[in-house]
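Visitor: Each chain, letter by letter, is given below.
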Amino acid sequence: MRRLTRWFEERIPVDHEVLRKAAREPLPVHMKTWISCLGGTPAMLFCILAVTGILLTFYYVPSPAQAYASVSNITFKVRMGWLIRGIHQGAAQLMIVTVLLHMIRVFFTRAYRKPRELNWMLGVALFLITLTFAFTGYSLIYDQLSYWATTIGTNMIAAVPLIGQPLLYLLRGGPDVNPNTLSRFYDFHIGVLPTMMTLLIVAHLALVRLHGVAPLPEDPRRETYPFFPDHMLRETIVGLLLLIALINFVMFFPPTVGAPATPGNTPGHIRPEWYFFPTYRWLKLTSLPVGIWGGILFVVGLFLWPFIDAVLERIAPRRNLWVIVGSAFFLMTIVFMLWEAIVG
Amino acid sequence: MEELAPSAMAPRSRREFMANLVLGTGTVLGLGSLANCFLEYLYPVVAPIKLVEVPAGKPGDIPPDGVRLVQLPEGPVLLEKAGNEVRAWSAICTHLGCTVQWHPEEKKFICPCHQGIYDFNGNVLSGPPPRPLEKLQVKVRDEQVFVLMSSLKEEQG
Numbered sequence: 082m083r084r085l086t087r088w089f090e091e092r093i094p095v096d097h098e099v100l101r102k103a104a105r106e107p108l109p110v111h112m113k114t115w116i117s118c119l120g121g122t123p124a125m126l127f128c129i130l131a132v133t134g135i136l137l138t139f140y141y142v143p144s145p146a147q148a149y150a151s152v153s154n155i156t157f158k159v160r161m162g163w164l165i166r167g168i169h170q171g172a173a174q175l176m177i178v179t180v181l182l183h184m185i186r187v188f189f190t191r192a193y194r195k196p197r198e199l200n201w202m203l204g205v206a207l208f209l210i211t212l213t214f215a216f217t218g219y220s221l222i223y224d225q226l227s228y229w230a231t232t233i234g235t236n237m238i239a240a241v242p243l244i245g246q247p248l249l250y251l252l253r254g255g256p257d258v259n260p261n262t263l264s265r266f267y268d269f270h271i272g273v274l275p276t277m278m279t280l281l282i283v284a285h286l287a288l289v290r291l292h293g294v295a296p297l298p299e300d301p302r303r304e305t306y307p308f309f310p311d312h313m314l315r316e317t318i319v320g321l322l323l324l325i326a327l328i329n330f331v332m333f334f335p336p337t338v339g340a341p342a343t344p345g346n347t348p349g350h351i352r353p354e355w356y357f358f359p360t361y362r363w364l365k366l367t368s369l370p371v372g373i374w375g376g377i378l379f380v381v382g383l384f385l386w387p388f389i390d391a392v393l394e395r396i397a398p399r400r401n402l403w404v405i406v407g408s409a410f411f412l413m414t415i416v417f418m419l420w421e422a423i424v425g
Numbered sequence: 020m021e022e023l024a025p026s027a028m029a030p031r032s033r034r035e036f037m038a039n040l041v042l043g044t045g046t047v048l049g050l051g052s053l054a055n056c057f058l059e060y061l062y063p064v065v066a067p068i069k070l071v072e073v074p075a076g077k078p079g080d081i082p083p084d085g086v087r088l089v090q091l092p093e094g095p096v097l098l099e100k101a102g103n104e105v106r107a108w109s110a111i112c113t114h115l116g117c118t119v120q121w122h123p124e125e126k127k128f129i130c131p132c133h134q135g136i137y138d139f140n141g142n143v144l145s146g147p148p149p150r151p152l153e154k155l156q157v158k159v160r161d162e163q164v165f166v167l168m169s170s171l172k173e174e175q176g
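Protein chains in written order, with this note's numbering: chain C, 82 to 425; chain F, 20 to 176.
What the hints contain is simulated information worked out from the structure, not anything from laboratory work. Be careful, since some hints might not be right.
[What the hints assert, rightly or not] Under the rule of at most 30 Å between Cα atoms (straight-line distance), these lysine-lysine pairs were calculated in the DSS-like manner:
(1) C:LYS365 with F:LYS126
(2) C:LYS365 with F:LYS158
(3) F:LYS154 with C:LYS365
[To be verified] Coverage of chain F stretches by chain C, computed from C-beta distances (three or more under 8 Å per stretch; other residues unrestricted):
(4) 46-53
(5) 106-118
(6) 131-139
[To be verified] A few chain C residues facing chain F, derived, Cβ under 10 Å:
(7) GLY234
(8) VAL241
(9) PRO242
(10) GLY255
(11) THR305
(12) PRO348
(13) LEU369
Here the structure is a predicted model, which is why all the values come from computation and not from measurement. For glycine and all other residues, C-beta sits at the position ideal for the given N, C-alpha and C.
Chain C on its own, in the form it takes in the complex (with noise of 0.2 Å):
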């Protein structure tokens, strides 16, 4: 056993001491909430989709013709597909709603001031990659939900001043939602999103790293634990319970397929999936170009949002506007979600 370490030792020359360093970063102690584990957990759940992903492509065929059909047998057919479908299906949900407490977190402890600005805007870049995710992984299911989000979606696209209408033939691979577009969706899904993603991520946590975790503000504890095993372990206890809720979600509500997707004829009740609710619920209520600039604009002012704060410290220094304008946008899009999932 020595022999094989020192053979590793010799062929991979790195010093232990540094990597045992590394692995033991300190963290500040208010670290310890399970709330601060937030940050971890997408990466976690990013990990399940990928191993989820990769055996659905086994039997996944990104075809019009056959794609509802080999979702119907992934799903009805295929040993424990049902389970891989269902655990992809909800992992993906839970990311969405793990970014969004994390991206809350962040921003009520205001973590992204100077120096960090940079990694706010990395993760919004990520929170946007989980949507697209999201909205092109439904679109390949190709049923009448899939199929009309991949219309509306695009056509919003379309929408974009000046370079929409080219965007969105590069999108679609065609004027009309077509074979093509299945393809490009089916591409981006699994080859385009997750290199960004992965990429991504090791920005993120390279920044983290060389930052170091922000303070929280008017804590006034300095003592420090260390990442591993301490923290890691609280990680990896929340990754496992994820992952036994999944499992049992799924045994419970296991996945279902709708209607297949009919082109030229809209069911007469259809929305998107909740996390879309309040973009579905301000369209429903703007004119378009005011819908779309609308959405440009909220996704330029999160990204800019360090800077924003910035301006909003200097123009009134004891107001804190940063908590007026953050609760505001957050109860709106808290308002407009369950407007459109009570109303519809």
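Since chain C is already given, all that's left is putting chain F on it; use the hints.
Guide: For chain F alone, coordinates are given in the frame of chain C:
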């Protein structure tokens, strides 16, 4: 042999600057044109839109003073009979592309996606649609309704 500069911070010679400039410009241009090739590859080949006459059933199939939704390969079409005249609209909502539905009791077209509402003549009554429904030209020949629509048989690359 020429001696190398002792450190990266040392002032660069004009010759070194020119060499870097040529290398840098070449790399940017080379990678840029390759990226352009990738983009061209991804951009679909779309044939120019042609208008074609599409058969859409018999005038007798349309309920009197009512509306019939027909699914044609070129897209869903609403056929309407006002007296003896046959009129046609594209059933695609001008907001974000869902298919509108005819509600006979209210005599309105309603889009199920974002609640866009159109009247009997395709005009917007309420909701987010930016334009009226697209009116299509209709010809009735030998007891057959033909609708003039843009051919969607694009050449897909």
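Visitor: Take the hints in turn and mark each one as holding or not.
Guide: Now the hints, each set against the structure:
Distance check on the hinted pair: LYS365 (chain C) and LYS126 (chain F) sit about 21 Å apart at the alpha-carbon level, within 30 Å; holds. Simply put, LYS365 (chain C) and LYS158 (chain F) have alpha-carbon atoms about 36 Å apart, too far for the 30 Å limit, and the pair is violated. Simply put, LYS154 (chain F) and LYS365 (chain C) have alpha-carbon atoms about 24 Å apart, close enough for the 30 Å limit, and the pair holds. As drawn, the region 46-53 of chain F meets chain C at 0 residues by the rule of a beta-carbon pair under 8 Å; below three, the given contact is violated.
Taking a C-beta to C-beta cut-off of 8 Å, the region 106-118 of chain F contributes 6 residues in contact with chain C, enough for the three needed, and the coverage statement holds. Under a criterion of three residues with beta carbons nearer than 8 Å to beta carbons of chain C, the stated coverage of the region 131-139 of chain F is upheld, 4 such residues being counted. Interface restraint check: GLY234 (chain C) against chain F, minimum CB-CB distance 9 Å, threshold 10 Å, status holds. Contact between VAL241 (chain C) and chain F, as hinted, is not supported at the beta carbon level, the nearest pair being about 13 Å apart and thus beyond 10 Å.
For PRO242 (chain C), the shortest C-beta to C-beta distance to chain F is roughly 14 Å, which exceeds 10 Å, and the interface hint is violated. Because the closest C-beta pair between GLY255 (chain C) and chain F is about 5 Å apart, less than 10 Å, the hint holds. The interface hint given for THR305 (chain C) is violated, since its Cβ lies 37 Å from the closest Cβ of chain F, which is over the 10 Å cut-off. With its C-beta approaching chain F no nearer than about 7 Å, PRO348 (chain C) sits inside the 10 Å limit, and its interface hint holds.
Taking 10 Å as the C-beta contact cut-off toward chain F, the hint placing LEU369 (chain C) at the interface holds, the least distance being around 5 Å.
Hints 2, 4, 8, 9, 11 from the list above are not met by this structure, while the remaining hints are.
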